[in-house]
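> Sequence:
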Amino acid sequence: AGGTAGQQVSALGEDDLAGLLSGLREVPARQAGTLGVPRTAPRSLEALRRMAAHAAEQLGKADEFDPARMAQLAGPAAAQLAAQPNTAVLVHHGLTADHLVIGADGRVRGVLGWGEAVIGDPAEDIASLARAVRSPAAVRAATLAGYGARPCLRGLWLARCDTVIRLAERLEGRDDTPLPLLRTELRHAWEAILLERVTEFRDDAAGGPAEEP
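Residue numbers (the numbering used here): 2 to 214.
Hints were generated in silico from the structure; no laboratory data involved. Because the structure is a prediction, the values reported are computed rather than measured.
Computed Cβ-Cβ distance ranges for the label pairs, DEER-style:
1. T35 - T178: 30 to 36 Å
2. D64 - R175: 18 to 24 Å
3. D64 - Q32: 46 to 52 Å
Backbone N, C-alpha and C fix where the C-beta goes; we use that ideal spot for every residue, glycine too.
Start from the sequences and build out the full structure, keeping to the hints where you can.
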């Protein structure tokens with residue numbers, strides 16, 4: 002059976018997601034490694050930004066997306082949101098709509114699809130949640146889990162770039178994911194959050210608390 006993330010996540014559901022992210026973060030990376038969990042390097046947000054900018058132009062021609070929105074992530078901002086050293090944690094790496102079991106009350110009742118778990122960039126799980134349950138809920142959950150502004154915004158922009166690229170690939174026939182799902186994920190990832198407007202980057206590599214989105 003698949004997940005039910007089409008269901009709206011409630012405030013208590015955001016607490017559930019925060020507990021999930023906290024639990025993943027608390028697993029010692031060395032211990033996970035001894036169990037055979039692979040380690041992956043963080044993706045380059047700058048490289049992803051360039052790919053997404055090109056994809057956004059293609060979507061603009063198809064009247065699917067305004068490519069000017071990519072200007073929100075300029076090169077210097079992408080550099081500020083580069084993955085920080087020594088921040089790798091256990092990452093589910095697939096917190097998609099079909100892997101989240103959400104009850105009618107908005108609580109998260111289960112998480113499926115653990116086969117892709119890695120030791121890597123925690124922003125990847127934040128990105129997956131942004132696509133699945135909308136950016137505001139994803140960032141609130143990550144903030145409750147103790148993640149600072151930098152990993153939250155990095156996750157947000159990983160999701161935004163990914164959704165633009167994947168929709169463009171689908172329109173070009175290089176992806177067989179259903180179009181409605183890709184459009185929904187793009188809409189979810191591009192929802193504005195307060196954190197974008199109030200954050201001034203500091204040296205928060207340790208992942209201190211972020212402003213409440």
